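Undergrad: One letter stands for each residue in the lines below.
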Amino acid sequence: MTDPLARLDAVEAAYPGRGRALGPFDLTVAAGEIVALVGPSGCGKSTALRLLAGLETPSAGEVRRATARGETSVVFQSATLAPWLSARANVALPLVLSGVDHGEAGRRATAALARVGLQGAVNARPAELSGGMAMRASLARALVTHPRLLLLDEPFAALDEITRRALADDVLAIWAEERPAIVFVSHNVEEAVYMAGRVVVMTPGPGRAAGETRVEATAPRPAGFRTSAIFRAAAEAVSDQLARAMGAAA
Amino acid sequence: MRRFGAVLAPLGLVLLLIIGWEGACRALRVPPYLLPAPSAVALALIQNAGSLTVSAWRTLTMALEALAAAALFAGALALAVSLNRTLGRAVRPLAVALQVTPVVAIAPLFVIWAGVDHPGRAIVALAAIVAFFPIFSGAVRGLSAADPDLERLFDLYGATPGQRLLRLRLPSAVPFIVEGCKVAAGLAVIGAVVAEFVAGSGGAQGLAWRILEAGNRLQTAKMFAAIVTLALMAAGLHVVFQVLERRALIWWRGR
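As you go down the protein sequences, you meet chains L and P in turn.
Counted the way the numbering used here counts, the first sequence spans residues 197 to 446.
Counted the way the numbering used here counts, the second sequence spans residues 1043 to 1297.
Simulated from the structure, these hints should not be mistaken for laboratory data.
Being a predicted model, the structure only gives us computed values, none of them experimental.
Where hints are given, some of them may not hold.
As the list claims (entries may be wrong) - Rough simulated footprint, nothing fancy, chain P against chain L, three-plus residues with beta-carbon under 8 Å:
| id | stretch |
| --- | --- |
| 1 | 320-329 |
| 2 | 431-442 |
As the list claims (entries may be wrong) - Beyond 12 Å from chain L on every Cβ pair, some chain P residues (computed):
| id | residue |
| --- | --- |
| 3 | 1055 |
| 4 | 1135 |
| 5 | 1159 |
| 6 | 1212 |
| 7 | 1217 |
| 8 | 1281 |
Backbone N, C-alpha and C define an ideal beta-carbon position, used for all residues, glycine too.
I would like the entire structure built from these sequences, with the hints used as guidance.
TA: Put into structure tokens, the structure is as follows:
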């Protein structure tokens, strides 16, 4: 086995006045795999993601990453685009902040937007984009640096079912091209099983690992995967783990 | 139809009040020095149109000069405060103290400092003090109002403090600063009028002075004419700033 791309080693996260939100929690992310973190609200899924991104430091335990700055990208729960910038300028922002010159950054941003199907909206402002389009622009912003580790924090939570399915397929198609490791947080079991090769279930806060399910299927998913026996078996296994984790807490 | 009503309803009410006022003055034979009829006020407005326009312009320019000065100082101080937390802690109570002290109370001081020959300077300074606070507090709030996830994005890509300020904090603050300026514009007019009342010597010759002068001579209709001019000017300024605010927000978020 190759060295993991990122690893959480018995990490804990505590906030003053609110106590422990996460852990102790272990997670190993290998290069090129898709891992889903599933758990109830407040179990520290998003905290785990921020620890992986290096946006927070754990109060105990250790975070190890084999990625350099700029090789990790995050897509947040909402699109979080700057309203005063065009879609292109928003997508170019990570490059501009890393010192790439504006012309080059703009060209790469245009390409990244085209890749998520937004070639017609490069000059649009976020206020002119629908929820799904804004999320695609946000995804393009995360992809523009060609990350080795892509972290998605419930990126489709605010979208309608049809849009979120289309976006899930887009993410898988992009993954098939560049094979970044993807860790994505969800509270939707079906979505997690549809996207991930490995689903990690977390207990209610402070979150710990309650179980893990492997989804043995090719990615991008074949047509009709949602009705296949593999899908149903995996979804059932994850649901069981989730129910047990919730029951143990209650 | 609704737009029509939005314009007609207030106009109708004003018309009704004026008719009632005119009728009451005539029926009750109210002495004109106590309460002049609207027709007398209208006549005074026409007869003094020249001097009232000059005075309105004087008050307006003093208020706008004050607004510009306030925006400059408030913006600079808000920026400094947002960059240095200790400075922020030091400045905040002083700014609040300045804001809660009635401008009338400190006006005589400024009149002394500006010198009797330059009442205009004292008026601009006092109006600027009144206009300062909404811009300052708006800018301070705006400079810390950036989307926390966008802040995280800047962390993720190792943004420098300069990049964070220019590409995130300042643009995020724009709507707050614009709103602060709109509120401050109205306050600057109030500040200019109050300050002129206190300065009172007649050197500045704004609308407040016209009101005082007419009052001293018991020319009540002329007083009303100056008050109407002042109200119309302030309302006009309010509308202009409302339009400017809408324009600025459209420019900021693209629609």
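Undergrad: If a hint holds in the structure, say so; if it does not, say that too.
TA: Checked hints:
| no. | hint | in the structure |
| --- | --- | --- |
| 1 | 320-329 | holds (count 5) |
| 2 | 431-442 | violated (count 0) |
| 3 | 1055 | 37 Å, holds |
| 4 | 1135 | 26 Å, holds |
| 5 | 1159 | 47 Å, holds |
| 6 | 1212 | 10 Å, violated |
| 7 | 1217 | 9 Å, violated |
| 8 | 1281 | 25 Å, holds |
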